[in-house]
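Since each chain sits alone in its own frame, please combine them into the complex, following the hints.
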Amino acid sequence: MTAAHQFLEQARRITRDLRHRGLIQTALRKYEVKRDEKKLAFPDWESARQAAAEVKWDAINHLDSYLEEFVARLEARGTRVHWASTAAEARDAILGVVRDRKAKSIIKSKAMTAEEIHLNDALEKEGYEVVESDLGEYIVQLRHEPPYHIVFPAMHLTRDEISDLFHRELGSAQTREPEELTMIARRVLRQKYITADVGITGANFAVAETGMISITENEGNARLTAALPRTMITLLGIEKVIPALEDLALFLPMLATAGAGQTLTGYNTMYSGPRQPGEADGPEEWHVVLLDNRRTELLADPEQRDALHCIRCGACLNVCPIFRNVGGHTYGTAYSGPIGSVITPHLRGLKDWKHLSGASSLCGACTEACPVKIDLHHHLLQNRRNAVVEDAPVLERLAYRLFAVVANHPTLWQFAKELGRTFQPFHRWILRTKLDPAKAWTATRDVPPMAEMSFKEWWRTRQ
Amino acid sequence: MVEDPAMSAREDILGRIREALRKPAPFPGHGHAPTAATTHSPAPPPAGARSNLHGSPVIPLRPSVAARPWLPPGGVTPAEQWDRFRTASTELKTAVEEFDSAEAAHARLRELAGEQGWSGIASHRAPLTDAALSALSALQLPTLLTDGGYPVNDMEKCSVGITECDALVAQTGSILVTSRSTGGRALSVLPPHHLVLARRAQLVPDLGTALEQAKARYAPHWPSMISFITGPSRTGDIERILVLGAHGPKQLTVFLLP
Ligand code: SF4
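For the record, the sequence lines run as chains B and A. Final position of the first sequence in my numbering is 463; the numbers increase by one with none missing. Final position of the second sequence in my numbering is 258; the numbers increase by one with none missing.
Just chain A, with the same shape it has in the complex (with noise of 0.2 angstroms):
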């Protein structure tokens, strides 16, 4: 039988990685107690798992979920996460604007596209950007739609990307994208403004949650990829003075609608 190169590499590293595991390693912080267990299937129970009262096991939390009162924090109540993500945008130089209803949400869109001068649109079939792109179309700009596919070249020429998101994340000013839900990988990436249709409600305090929130809704079907957006494109790779749009967008709009 020819022996495939390729597993033979495979099963050689996981060899090698074996080998080398059977003498074990310190844990880190010179003698520190664990946080909490490293509890994921394949390990060993851990040092720090331990029984409760009733002799149950305790469920141990990984050390990244109790490391999360150590993060920067979210807030609380609506009130503190709102102020975090306007803080945040407001540093990160993301427009955020809010509006009481769709209309007038809408009336805001054809201003700036007057504004910019748009030139063309870019955007996918969703609840929010349906109903934007129907009150834009007055102005009967060119406008590319997406879902199942499209021209590369014609995005380019795009003024402005029009997507929904799946949250916005209070800690960090962060808007979650993926390529099921908000019209792709380069939607969000390629035209020069990037506009963000959302709603209230879509506000989570922080990373973790955003995280629990898209494996619930998408495990194990996951789509092939899922973005944090934080802030416009940005480098600092030229003696580190920040410069906006370095490939992605420069401008970054979060539309906040009821």
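Same shape as in the complex, but just chain B (with noise of 0.2 angstroms):
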């Protein structure tokens, strides 16, 4: 089956369910409240995103000076960084690291990179055990699934159901409180956190300036991964780069605002380097893998570049019709909603994709929630404008071609209308079944009967 089908697929099953469309709703509404509320907490939040659009369009249009300035600093403080062109090249770079500390289990913060490129999947074949221990992503990885939203991974389910999971996984007793479902998760995560070797971090922003990167989250499971294991790994895209420290004071309440509705987010953490002399604690080496995999081609495409400027905050999914309906796995991608159908095409190919371009109604909701302003619905437009260009569609050109000559020509306009009076209604015989022409359209649409006399005939009974 090919990645459309199966999203049209479990699209039309999903627009269905009543409780997940409820779900969500719940959620989501309780977000905008939120997010409202701390929208009001700007002075003028339409400037705040027109500085930060201006920011990451200076670090992504100058992204090679930028990379090389925050590589050189981590160097300089004994981080080892790995260049990755692929996804199966930052997947060796991490297993060689594993492999080479003798790893035995690993526990991993959050990190839609790891998702992108499959790296879970990579290290427990080779018999590594890996544990998500941000508390969504915990949930998603015990049902064997991938996060739902790249915010709030385990938003479409329930408290029974995580309940029921933890019972059947973990062997706790069921509950139908939220703070007792967390607390059963936090001790078996703690043990985790205390055993493993190698602890494994995403990253938000990384700071060429002063060749940090700074990790935004809010349960604390990020800066103990990054405090107790032996070896740390962060694994980021090479997008993530900001010129200087004192951005972070623009970017960090943008992102949890737009985000999540809060002021800031509970943890924010720039990490420089391993365990300093004199420090009590923190990993004795750091390896940053900067993974490309094809970002370099959406850079090459000036009218979408800014497609880069991402900060993987959420808002556009949020806001997305599509979204809100269809849910995060219909995507069938690590990056859903809007930013993911813009990025996916470019990052996985056209071809395959192009079906995400479809996936919008084109209100613009994303562009106008997006905290670093990509002009988000524009950029799905071009999508479906490059993939007919790649690969026109001939049934449709022809079609539209017939089109153009029956409508340039008046008698053929008038004698395409009488057929289509005469015939409309045997039309009735074979709606909705397979003979059907116009079956997409009309399995969920009425059919309004064609007007017995177009106007230009009822002007002419006039004169």
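Keep in mind the hints are simulated off the structure, nothing from the lab. No false leads were slipped in.
When the alpha-carbon atoms are kept at most 30 angstroms apart in a straight line, the in silico DSS-like pairs for lysine-lysine are as follows:
1. B:Lys-434 / B:Lys-351
2. A:Lys-93 / B:Lys-30
3. B:Lys-38 / A:Lys-93
4. B:Lys-39 / A:Lys-93
5. B:Lys-34 / A:Lys-93
6. B:Lys-102 / A:Lys-157
7. B:Lys-351 / A:Lys-23
8. A:Lys-157 / B:Lys-104
9. A:Lys-215 / B:Lys-38
10. A:Lys-215 / B:Lys-39
11. B:Lys-125 / B:Lys-102
Take a look at the structure:
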């Protein structure tokens, strides 16, 4: 089955699932209230967005020099940097470190790039135990499922489902209290932190000026992942670079507000090296893996280059009418929602993923929500155009040619109208059956009868 | 000569980036005039850089610095700043307690130890924590100091982590800690209760100021970790319902000392 078929099939199922719809609507309504409240604390949200877009523009359009600066500073403080052109190279770099350290168990904090390169699968295939430490990620990992949303990985589950899951997988008693459920996970994961040999994290920003990465999280799981294991590995996309430390004073509140309706996320932490002389704890060594994986192809498209400005806040998913109806898993991609639909064709090939450009009503809610002003809905349009240029659908093209000829000749137009009027009554016989040529349209819509008289004819009778 | 594959990946990626960047991308905002300049050294002189009346170039602000007035304010006067810090803390469920003297704070510490039934304390060497620990010594609780390293299992058993901090941020109700000045990376997240001893003078208006201060204090010899802690550890991963103490501390307490 192609990715497009899978999308359609799953979308058809999920859009009719009222329980799913209720869950997502409630969760996102809570988010909306908080986000609006926190946005009001900004004297000028729009200008702040413009500034954020400019900083990212600067970073991405001078990416080579900022990356070099970032890496030079990291290396100067004893961090080992690995460059990975492809997902396979990144997996190999990480596997190499894990093997060298003879690691047994690995603790991981949330990283979408790890989903992108299917890191857990690769590690597990080699026999390593990898445990996700973010609560939502831990839940979906226990269910052998990818995260549902880039910020809220388990938003599609009810507390009862989670309780069942914990009962089944961890042997815990059933409970309806989110607090108790959280404490069950806390107890299990604490032991994992303490025994893990390797900690793997993602990063939200990479600061060129100081050679730091910055991690944003609420739970403290990334803090622990970066504190206790002897070896730390951080995987990040090359587009995460920002020029200066003070840029964080802008991005951190914007990320929190747009992404989760918070003034600031619980922990915002900057790491600039492994444990330094005189420090009490921290990893003995730190490996930073910089991932390209076709980001440079997106970079080479000046029209859509700004898609690399994305700070993965998830705001565009939250406001997207398509996402809210079809849900995160339907996309079948690491990055879902509008931003996923824009970048996936670049990262994984237009041919197989162009259907995502159609997963949009072009309402522009995503563009309006984006804290770094990515022109998301226009990029979806551009991807539609690119798909047609790359691989024109012959039938569709013929149909439009024919339509153009008919529409340009009044007699033909008149004739076509007569044809339609004569044959429409018979359409009823084949309506929504396999014989119906307009089935894709009529399956979910009524076809209004053609008017008995066109305006032109009516006008003529008036004269 | 054998080519180092890691080196070649580096050159490949940088090469692709340079090639890609040969085509310029439009400036964001549909013809929006730049907010301020993007001037960090590798960038070319920005379109928005202007000269002042005397012809000498104005040092252009970074957009993120120009954006400060558009971000949630931290307050101008100390009274405003304290007001913000307290409001934010209440919302975050950070407990803030104020004391007129160190003695009063120490008395309250002893009281808390009893109330919460502390079975062990983790802390680090610094003026405020040293004084607090000696005031608590009468209770004869097992005490772990992180300086120079410590067994993780011992810290895991401690009921409370007592630390100093580098700054308090009015804008967001955050506490800035570092791996060098506040006892390492784990002390402020592993024990279920994080208690911060701060001096009133450590309050700064906003994140920008806190970062500038940290830079002035540390750069280029940064602690390997600096962290803004904003409230106790929290999660909303189950039906978006707030739960405190997901992994880190369930409780965050700030003692304000003169
Ligand atoms: S595209 Fe914009 S709104 Fe969507 S996740 Fe990225 S930064 Fe957030």
